[in-house]
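Chemist: Take a look at the letters that make up each chain.
There are 6 protein chains.
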Amino acid sequence: MNFVLPNAPRPTADIPHYRPLGNECALFETAWIRQLPLLLKGPTGCGKTRFVSHMAARLGLPLSTVSCHDDLAAADLTGRYLLKGGDTVWVDGPLTRAVREGGVCYLDEIVEARKDVAVVLHPLTDDRRMLPLERTGEMLEAPSGFMLVVSYNPGYQNLLKSLKPSTRQRFVAIEFDFLPKAQEIAVVEAESGLAECQVARLVDLAVRLRALKGHDLEEGVSTRLLVYCACLIDAGMPAKEAVRAAMIEPLTDEPDVRAALLEVADSLIA
Amino acid sequence: MNFVLPNAPRPTADIPHYRPLGNECALFETAWIRQLPLLLKGPTGCGKTRFVSHMAARLGLPLSTVSCHDDLAAADLTGRYLLKGGDTVWVDGPLTRAVREGGVCYLDEIVEARKDVAVVLHPLTDDRRMLPLERTGEMLEAPSGFMLVVSYNPGYQNLLKSLKPSTRQRFVAIEFDFLPKAQEIAVVEAESGLAECQVARLVDLAVRLRALKGHDLEEGVSTRLLVYCACLIDAGMPAKEAVRAAMIEPLTDEPDVRAALLEVADSLIA
Amino acid sequence: MNFVLPNAPRPTADIPHYRPLGNECALFETAWIRQLPLLLKGPTGCGKTRFVSHMAARLGLPLSTVSCHDDLAAADLTGRYLLKGGDTVWVDGPLTRAVREGGVCYLDEIVEARKDVAVVLHPLTDDRRMLPLERTGEMLEAPSGFMLVVSYNPGYQNLLKSLKPSTRQRFVAIEFDFLPKAQEIAVVEAESGLAECQVARLVDLAVRLRALKGHDLEEGVSTRLLVYCACLIDAGMPAKEAVRAAMIEPLTDEPDVRAALLEVADSLIA
Amino acid sequence: MNFVLPNAPRPTADIPHYRPLGNECALFETAWIRQLPLLLKGPTGCGKTRFVSHMAARLGLPLSTVSCHDDLAAADLTGRYLLKGGDTVWVDGPLTRAVREGGVCYLDEIVEARKDVAVVLHPLTDDRRMLPLERTGEMLEAPSGFMLVVSYNPGYQNLLKSLKPSTRQRFVAIEFDFLPKAQEIAVVEAESGLAECQVARLVDLAVRLRALKGHDLEEGVSTRLLVYCACLIDAGMPAKEAVRAAMIEPLTDEPDVRAALLEVADSLIA
Amino acid sequence: MNFVLPNAPRPTADIPHYRPLGNECALFETAWIRQLPLLLKGPTGCGKTRFVSHMAARLGLPLSTVSCHDDLAAADLTGRYLLKGGDTVWVDGPLTRAVREGGVCYLDEIVEARKDVAVVLHPLTDDRRMLPLERTGEMLEAPSGFMLVVSYNPGYQNLLKSLKPSTRQRFVAIEFDFLPKAQEIAVVEAESGLAECQVARLVDLAVRLRALKGHDLEEGVSTRLLVYCACLIDAGMPAKEAVRAAMIEPLTDEPDVRAALLEVADSLIA
Amino acid sequence: MNFVLPNAPRPTADIPHYRPLGNECALFETAWIRQLPLLLKGPTGCGKTRFVSHMAARLGLPLSTVSCHDDLAAADLTGRYLLKGGDTVWVDGPLTRAVREGGVCYLDEIVEARKDVAVVLHPLTDDRRMLPLERTGEMLEAPSGFMLVVSYNPGYQNLLKSLKPSTRQRFVAIEFDFLPKAQEIAVVEAESGLAECQVARLVDLAVRLRALKGHDLEEGVSTRLLVYCACLIDAGMPAKEAVRAAMIEPLTDEPDVRAALLEVADSLIA
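Protein chains in written order, with the UniProt record's numbering: chain A, 1 to 270; chain B, 1 to 270; chain C, 1 to 270; chain D, 1 to 270; chain E, 1 to 270; chain F, 1 to 270.
The following block holds chain A by itself, in its conformation from the complex (with noise of 0.2 Å):
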């Protein structure tokens, strides 16, 4: 097999911030070269859509993102026929132009789609690599530059909706996790403007709470939020305050749960 390796990658000013954690920027490149699909598993808010626009951009690639949802169905990702001037005229979904122009194309929570999604990625994801458009009797054959990523929170699968082996079994994976404590407090840092030994006594609390997922809560605090509760710090809301409505109040609505976070708080945040 040849490849060819389409635009040198270009670490500008315009690519994403991304700090690898591990091996995942190798595995991408790799995964790329060698036109393999590609599987990010993590929990919310850790950095997996992060992660793709910051390698789309160092491939020198266009990235098409799709959100997926209970209602999205194959046809919202190939394509419709649409009436313009009373005929019927077929307009190309998401997944279909990055097939045509190259480029990848990431399906973000791809669990939470309709079933006929999953399985039209079948063709696309073994040697064939082809996408039957069946409603125009098109045939695509993907180009060398295309790429397939898709992603999921492993947390939120159960019985009706998780990937099926015959659909997992199509793709190279990578978990995603939190990141260390040191990266975190870097990130937090970055994006939200405030100074570092505010942010470390945050991560610290964040730390605490995630420890509590399972117990109390259904998920633990994301990076995200950790930003969010920074940036209100950094405006000139008390530090208890921005903590309440940044990391407590969006993790729960129970009473009960809510004062335990709120005593954990307060014993780490003045």
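The set of hints was computed from the structure by calculation and includes no laboratory data.
Hints should not be assumed to be uniformly reliable.
All copies of an identical chain are treated as equivalent in the list; a pair is satisfied when it fits inside any one copy or across any two copies.
Taking lysine-lysine and the DSS-like style, the derived pairs with C-alpha atoms no more than 30 Å apart in a straight line are [claimed, not checked]: (1) K115 x K240; (2) K213 x K164; (3) K181 x K164; (4) K164 x K115; (5) K181 x K115.
The hints should help you fit chains B, C, D, E and F onto chain A, whose structure is shown.
Modeler: The following block gives chains B, C, D, E and F in isolation, referenced to the frame of chain A:
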């Protein structure tokens, strides 16, 4: 990051009346300045909608309100293709209009909406602040003057109707509750025109009835019903009849519960 | 607040006959003056619809009635786009027409309607009194001459079909029940033309049958069935046959229950 | 109230044959004169449809019959907008046509229809006698020559499929059952051409089989199957084969039940 | 009643081969003469469809077959409005065509169809023999040369999928089962070209495998699979491989059951 | 019966590579010659799709593949009416095209499709070999060069998703499983370019992991994942990282199971 406050606050006569209870006005304003989306939680008729109207007017921002419901789908917010002169023409939905033109877009009772709505909000509520219109292929970037506010009543949440953590963790959140007694008296007096001494007895009754919530009542008397009751009395109805019509019959259909509520009312209202 | 009574009450011959039982007429009129929405609760055939017709005529207001059902959606009330000459043209629904032109809009059996209906009513039933037409982007303000009245039968409510507190608490409410004996005799006599002495025996029987509700019967005999029965007798049918056809067969299909009801009837009707 | 009998009864040869069992003909005629809607209850194949055809012809009224089913919606009865030459044109449904032109509209197996059908009938079955066409904004008043008749089989009713009291209590009702033996023999003889003595044995067998209902059989043999069986014998089939094909195989698929029924048949049919 | 036999039976070479087992041919012909609808009951692949083809050809009648399924609705049988040149044009479904033009209309696996199909058949299967087309307002009368035949497999019926008594009791019914051994050998030999002695062993095996139905197998081997197996052997495949591919793998996916079946096969097939 | 072999087999370079394991090639060819439909059963990624591509090319037949899914309906296979210039124009689906033009039509994962698909296949898979197009009124006869092949994974079948016996018994069936070790090594080496000795260790690992199926894993590692893993190593990734990304993360989200699999991998891969 640099922020611009587009309009200086204008506390003029056009701004809907709202008496802050805590830091909610400062929090709203800070969230707006730092471009953070906001989540309001609280019971029926406690003033969430009024609060949003007040803040939007105070900040000089246009306000677009959407009451969410079981059948509200993403397309109702983003837009649809409609037939015009034989062609299909795209018509923006209220969320798309707000993203294009700036201002506050308020989605009331967000948990009632169909699941695809929550996920459509995702790219709009992370650092991208983008609204992808999959049907038209557009990718709108929210201007700095756009703010998303959503609300829901935690008392109604259940397994089928709740916000996923991946959605909740995209918002700074404020918890609302009923007004303290003195403030509620002032509000009811202002809205109904009834004399303070008469209103005070109605508020006393409301506090008593709210204490029954969870036992016999699904939810306590709202401030809105107190205003209705005061309006009826102000228009000349006997207080007992007004209380029954506006504060008891709307709460329950159970004969036993109604009898108990009437007994409480009789002991307080002459 | 200033209120204008647009038409002086006109108790002329055109007004549908209605005998008030309590303060319901005063309550309706006060609610109309103070622009409060009204909720009527009560069993089948007790006169709720007649009461609304009476009050609308008495206040000189146009009346628009919508019978709600399982498939009645918000768009059936607000309006739809229809194809005309190749274009899509907006056509107002009955609620939108009533908001534009004023008058009483009466939604009968509101709990039967789809969930989105109740929520569409929210902005119309708080201090905004607005009807947002999301599809057209219009925001209609209800004129002072518009009044919303809804009704339902508490006996039918269940977990799937009930008014949420957030909807109920937007209405002043009146509870209806069957007429007292003397009044019911007068109504049946007037409607059927049958002599009072004969009607009296039918009403006696109805009272007896209503007492069986909950044990063997889902609901008691309505005044409407009494009128039917009196009509059949007035047209020459034997009383026993008329009672069976109009007061017993419509109530039950159970042979045992029917036999018990017939026995009660035989003891009262010669 | 004044009533006009539009056509004198015409007992001519064109009137479908029907032998009254009780007061059902008088009751139908009185209901028609007094403009009361009629409900027919009874098992499969006992003659309800024939009775309506007979009465409509006898009173000189046009008859419009609609077989209701799971997917029959209100719009199937009232009408729809259809595309004609690019425009949407309203086309009346059978109920609307009957209301416009007068005559009997017969809705067979009403409980099978979707819930919105029953509620559409409400304004047509109280003193208003109106058919509101919400989609066109029309409000049709039923002429004195319009009569609504509905039927259902109480044996099929269940929790999901039943008439609500608020619908039932809008009708005068008649209970039907299988014909008495002598009358059933006469009907089967007339319909099949088979000799009375042979028919008599078939009716004897039917009575025996009907007694098994509830134990092994969901429903007893209908008069219609008796006619089928007599037709087969009259056409030359051996009686035993005709009984099996027309009176036993249509009743059950259970081998044990079939064997039991065949045993009963063998003891009666040579 | 007078009946006309439109075509004399034509037992020519064009008639699909069918060997009657009992009185089914006479019963079909009599039902056709007396205009009675027919119901065929029996397991998969026992020859019901072939029987109908045979009888239709023998009676010189056109045959229209519809395979029913979960989504087959009444409109698929009666017809639909389609857009042609901007107008909606009515297009007859297969049932309507058969009613207009005469001949046999065969609805295979009727219980699979949606509920509205069964009820559409009602007016066509009583003495009216009418097909009402509600959408067009037409009322078609079936000509004497029209016959309705339906079939289903009693082994599949369940609570959700079954014929209501009100539908079943409209048909004369025939029960089918697998062919007796000698006849089945003759059929398989004729269809496959394989020598009788080889076929006999396959039929012996089929009888053995059918005896396992209910224990390990959902249904016994059909005659069709026997023909497939004989075809494979006739084309040169080893008998054991043909038996596995055509008589065992299609029956089960359970390793244990397959092993047991293979053991039975090995003991009978060299 | 006379059969014509339309194209002599062409084992040229254009034929996708496939190493037969048993008699599957002979069985496919015999089924094709005798015009019997074929059912392929087996786990994810074991080569069913590749086998069909191979046989179609070898027999010189066009191949049309349809990936079935939850929302694939009969009309997606047979065709639909589309609007063109204001008219509705019929457009053939892939099954109809294959029936008109001959060749292999392969329906992958048939149990995923909607129920109406299986039943549409019935007349095409018995001796009639007809495809009725109910919407157009056409009845297509399959040419001798048409062959239907379907597949499914027995491991996924459940009560809701399974082939009915009446459908299964219309196919000759072949059971597939993973390749024997030597063959799998050869395939992975050929597809990835990685040296045989390295591939051999990966296949050893796959055999070990497949033995865990049913205990901790829903399904074993597919040959496809082995190829992915070998590709990553061939592109320079460390073997351990490649194994984790391509052979472990795609199999499970459970931390415990992943740890166990990693331990197995560590013991085999340096």
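Chemist: Run every hint past the structure and note whether it holds.
Modeler: Hints versus structure:
no., hint, in the structure
1, K115 x K240, "neither (44 Å within a copy, 33 Å between copies)"
2, K213 x K164, "both (27 Å within a copy, 15 Å between copies)"
3, K181 x K164, "between (34 Å within a copy, 25 Å between copies)"
4, K164 x K115, "both (10 Å within a copy, 20 Å between copies)"
5, K181 x K115, "neither (38 Å within a copy, 34 Å between copies)"
Of the numbered hints stated above, those contradicted by the structure are hints 1, 5, listed in ascending order.
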